[in-house]
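Line order of the protein sequences matches chains A and B.
So in our numbering, spot 277 of the first sequence is number 277, and the numbers just go up one at a time.
So in our numbering, spot 285 of the second sequence is number 285, and the numbers just go up one at a time.
No lab work stands behind these hints, which were simulated from the structure alone.
Predicted, not measured: the structure shown is a model, and the values here were computed from it.
Just so it is clear, CB atoms sit at the ideal spot from N, CA and C, and this is done for glycine as well.
Incorrect hints may have been included.
Claimed, not checked - Computed footprint of chain A on chain B; a stretch qualifies when at least three of its residues, placed anywhere within it, have a C-beta under 8 Å from a C-beta of chain A:
(1) 53-59
(2) 99-106
(3) 267-280
(4) 324-337
(5) 366-374
Protein chains: 2
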Amino acid sequence: MLTDVTRRGLLRAAGAAGVAATAGSAVAASVGVAEAATRAGENLPFYGAHQPGIATPQQPALFLAAFDLETSKVAKLRALMRNWSAAAARMTQGLRVAPDLQSGEVPPGDSGDVDGLLAGRLTVTFGFGARVFTLGGLAGRRPAALQPLPRFAGEEIEARRSGGDLVVQACAEDPAIAFHAVRMLATLGAGTVRLRWTQRGFLPSRYRGDQTPRNLMGMKDGTLNPRPSQPGFAQVVWTGGSDAAWLRDGTYMVFRRIRMNLPHWDSSSRSDQEATIGRHRESGAPLGGSRENDIPNFRARDRNGRFVIPARAHVRLAHPSFNGGIEILRRGYSYDDGVTEIGPLRDGAPHSHAPGFNAGLAFVAFMRDPQAQFVPLQRRLAAQDRLNQYITHVGSAVFVVPPGARQGGYVGETLLG
Amino acid sequence: MLTDVTRRGLLRAAGAAGVAATAGSAVAASVGVAEAATRAGENLPFYGAHQPGIATPQQPALFLAAFDLETSKVAKLRALMRNWSAAAARMTQGLRVAPDLQSGEVPPGDSGDVDGLLAGRLTVTFGFGARVFTLGGLAGRRPAALQPLPRFAGEEIEARRSGGDLVVQACAEDPAIAFHAVRMLATLGAGTVRLRWTQRGFLPSRYRGDQTPRNLMGMKDGTLNPRPSQPGFAQVVWTGGSDAAWLRDGTYMVFRRIRMNLPHWDSSSRSDQEATIGRHRESGAPLGGSRENDIPNFRARDRNGRFVIPARAHVRLAHPSFNGGIEILRRGYSYDDGVTEIGPLRDGAPHSHAPGFNAGLAFVAFMRDPQAQFVPLQRRLAAQDRLNQYITHVGSAVFVVPPGARQGGYVGETLLG
Numbered sequence: 001m002l003t004d005v006t007r008r009g010l011l012r013a014a015g016a017a018g019v020a021a022t023a024g025s026a027v028a029a030s031v032g033v034a035e036a037a038t039r040a041g042e043n044l045p046f047y048g049a050h051q052p053g054i055a056t057p058q059q060p061a062l063f064l065a066a067f068d069l070e071t072s073k074v075a076k077l078r079a080l081m082r083n084w085s086a087a088a089a090r091m092t093q094g095l096r097v098a099p100d101l102q103s104g105e106v107p108p109g110d111s112g113d114v115d116g117l118l119a120g121r122l123t124v125t126f127g128f129g130a131r132v133f134t135l136g137g138l139a140g141r142r143p144a145a146l147q148p149l150p151r152f153a154g155e156e157i158e159a160r161r162s163g164g165d166l167v168v169q170a171c172a173e174d175p176a177i178a179f180h181a182v183r184m185l186a187t188l189g190a191g192t193v194r195l196r197w198t199q200r201g202f203l204p205s206r207y208r209g210d211q212t213p214r215n216l217m218g219m220k221d222g223t224l225n226p227r228p229s230q231p232g233f234a235q236v237v238w239t240g241g242s243d244a245a246w247l248r249d250g251t252y253m254v255f256r257r258i259r260m261n262l263p264h265w266d267s268s269s270r271s272d273q274e275a276t277i278g279r280h281r282e283s284g285a286p287l288g289g290s291r292e293n294d295i296p297n298f299r300a301r302d303r304n305g306r307f308v309i310p311a312r313a314h315v316r317l318a319h320p321s322f323n324g325g326i327e328i329l330r331r332g333y334s335y336d337d338g339v340t341e342i343g344p345l346r347d348g349a350p351h352s353h354a355p356g357f358n359a360g361l362a363f364v365a366f367m368r369d370p371q372a373q374f375v376p377l378q379r380r381l382a383a384q385d386r387l388n389q390y391i392t393h394v395g396s397a398v399f400v401v402p403p404g405a406r407q408g409g410y411v412g413e414t415l416l417g
Numbered sequence: 001m002l003t004d005v006t007r008r009g010l011l012r013a014a015g016a017a018g019v020a021a022t023a024g025s026a027v028a029a030s031v032g033v034a035e036a037a038t039r040a041g042e043n044l045p046f047y048g049a050h051q052p053g054i055a056t057p058q059q060p061a062l063f064l065a066a067f068d069l070e071t072s073k074v075a076k077l078r079a080l081m082r083n084w085s086a087a088a089a090r091m092t093q094g095l096r097v098a099p100d101l102q103s104g105e106v107p108p109g110d111s112g113d114v115d116g117l118l119a120g121r122l123t124v125t126f127g128f129g130a131r132v133f134t135l136g137g138l139a140g141r142r143p144a145a146l147q148p149l150p151r152f153a154g155e156e157i158e159a160r161r162s163g164g165d166l167v168v169q170a171c172a173e174d175p176a177i178a179f180h181a182v183r184m185l186a187t188l189g190a191g192t193v194r195l196r197w198t199q200r201g202f203l204p205s206r207y208r209g210d211q212t213p214r215n216l217m218g219m220k221d222g223t224l225n226p227r228p229s230q231p232g233f234a235q236v237v238w239t240g241g242s243d244a245a246w247l248r249d250g251t252y253m254v255f256r257r258i259r260m261n262l263p264h265w266d267s268s269s270r271s272d273q274e275a276t277i278g279r280h281r282e283s284g285a286p287l288g289g290s291r292e293n294d295i296p297n298f299r300a301r302d303r304n305g306r307f308v309i310p311a312r313a314h315v316r317l318a319h320p321s322f323n324g325g326i327e328i329l330r331r332g333y334s335y336d337d338g339v340t341e342i343g344p345l346r347d348g349a350p351h352s353h354a355p356g357f358n359a360g361l362a363f364v365a366f367m368r369d370p371q372a373q374f375v376p377l378q379r380r381l382a383a384q385d386r387l388n389q390y391i392t393h394v395g396s397a398v399f400v401v402p403p404g405a406r407q408g409g410y411v412g413e414t415l416l417g
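In isolation and in its complexed conformation, chain A is listed as follows:
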């Protein structure tokens, strides 16, 4: 079946390459239209005002990697971002990261493991951690909102899953394509950066477009996400006039690795689960409503006078109307990562000592100011959310995400150029 799709993709590619050439694509121009036409199906643009992978509809596979700088020289970081941007642009157009040299005496320019595949809607998104702004000349340009996250109640953050000087987010239709992209960038970065942590994620691959994906709890997750087509989207996500000029059209990424105690969740009654989230499992409708997009009625009470959407339900505590209008753009993925010993649970819940799936939510969110958006929201959730009995935050990082690169430029140019 997908063979047909691929074939159709190939048939479309000639047209796509034509469009790219019309748009003056540096990539298509530099590699020749013939090569582009052969491999250019399912491409998303790399160049633009904003980086891709933020407002882009979620692809089903995530590969996220944080790197630490091994240099204190801005020139080396600049060279890295040039190389990374050019490589990302090629790969997002379905091209090898570098054309293979004819000689067998040198390493191939590309690992080749996704040779013959199309770009698969690959996006690559880059971000900078706080230490970037300790490099010579950049100290005064650190944006005020790029601060370490405070300690939140209940979290059990592991250093080996947290922090980092640079982040690369690759999203694609296919986990092989996302992994390949980050691997190639890691290779290009050897000597300048070293790998710190990685985080893979998946979404059910048939949830497309407007359908809200379900997380590992079986709940629709993201119903109230701001949509790029809505007028308030830019105010939620993109940095604007009051920010540093180099950061205009940028954003921030907050990453949290949120482990779920799945055995505990799976042994809870449906009523408990729904009261925890504040939504019906099947429809995703807020409790008391019947459709997913019904506006939650937080005042409604049942015949016993109790809130229909309980006081500590996740949807209530996280809702903008209880948080001074705060919104963030969530772009999270489910993850699983081997077997873990589930330790004692909080809140007097029964203890479980059986090994379980080390699994949960790779929470990725974008916003214009994490100090003003994520921090107060998470403070409130960490303190009160009924969901906390099932989840533990075990990884954390925050990055500033520069604007997109212009054609022929590179991500970070407004800061480093």
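Following the hints, put chain B in place on chain A, whose structure we already have.
Chain B in isolation, oriented as in the chain A frame:
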């Protein structure tokens, strides 16, 4: 694009349900044709002479899990295999593992995270480790070929990634579907089994049918795999007349987690890589040949009198013609699993202390007798394979795989029934 595919799947489903009913499918019958018709697209049969997931063309996502028995009672194992088989049959037909009860006062029967998806070519395959045959009444029925694997040269096997009393292999189009299946089976097994290790894997999802997938080394992997349509396939894979009667139409699974030193591989020249494998990277052709399916000429020498396919090349050492005709059915997947410190390498290769991707090959192979097939083959490879400078076996397990279940029966019935 996939929306079209899904829609076509749904349109086909009515027909598929009709076929199932004609074939007397216990599943379709027990849940009602209407439910089956709604969700039954892209189904592979669960019942049959052989278990699915062996001769089945490889789906792109693997989730493999080993469990340890927490019981010494055959009756509990029998009940587990009954429940697991019924659950697997439902899920492979795109149905929830159990119909949801109306009451909110009990846990939902299914975690619901893949609700609304189709079966996605899910297969579930079960196997038994040696300890199953220590349960009362089964001691005399352990097949002779189910022996622990010997220690092989160079391996660094970790207990936490190895062994196990039972194995479940779920393969599907979508990692979410494969994970869901194993998670539901783990939940059903609580009290009888506990999770020991898990192994996820992926293949580039557009390699279908006869196209040989590439591994993380960029090499086509599986060119010489026996094909179900070939006459010798049964002799390679399925247990036959000389085996225990309960095992007829069964097989064995050998699992090896093979870590690849990707930075080392990626810094090797193309000539080195091709001489290591004995094939051309791009075409997959044996060295000296031009097409992937060319028969390797192991006698050919270059003008300096050296073998064109080097003496220690992987394809030569692994080829049936140098191993008394031994073949196995490989069904491996690429994996990545966070960050590892790459230690010193063998064979005088340069040391690398940079953290790298913890990644490699989740080797899964099926054969009628691991002692006669995998063991001699791997002894030879472990001792001589030029590939060993890039790989390390870090996980290992062997399981006997019972025949498929008849309609309404269960996997393992010929042993436990």
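Quick rundown of the hints versus the structure:
Only residues whose beta carbon comes within less than 8 Å of a beta carbon in chain A count, and the stretch 53-59 of chain B has 0; fewer than three means the coverage is violated. Given a C-beta distance limit of less than 8 Å, the hint that chain A covers the stretch 99-106 of chain B holds, as 5 residues qualify and 3 suffice. For the stretch 267-280 of chain B, the stated coverage by chain A holds: 7 residues have a C-beta nearer than 8 Å to a C-beta of that chain, and at least 3 were required. Residues of the stretch 324-337 of chain B with a Cβ under 8 Å from some Cβ of chain A number 3, which satisfies the need for three, so the listed coverage holds.
Counting residues of the stretch 366-374 of chain B whose beta carbon lies closer than 8 Å to any beta carbon of chain A gives 0, which falls short of the minimum of three for the stated coverage.
Checked against the numbered hints listed earlier, the structure breaks hints 1 and 5; every other hint is satisfied.
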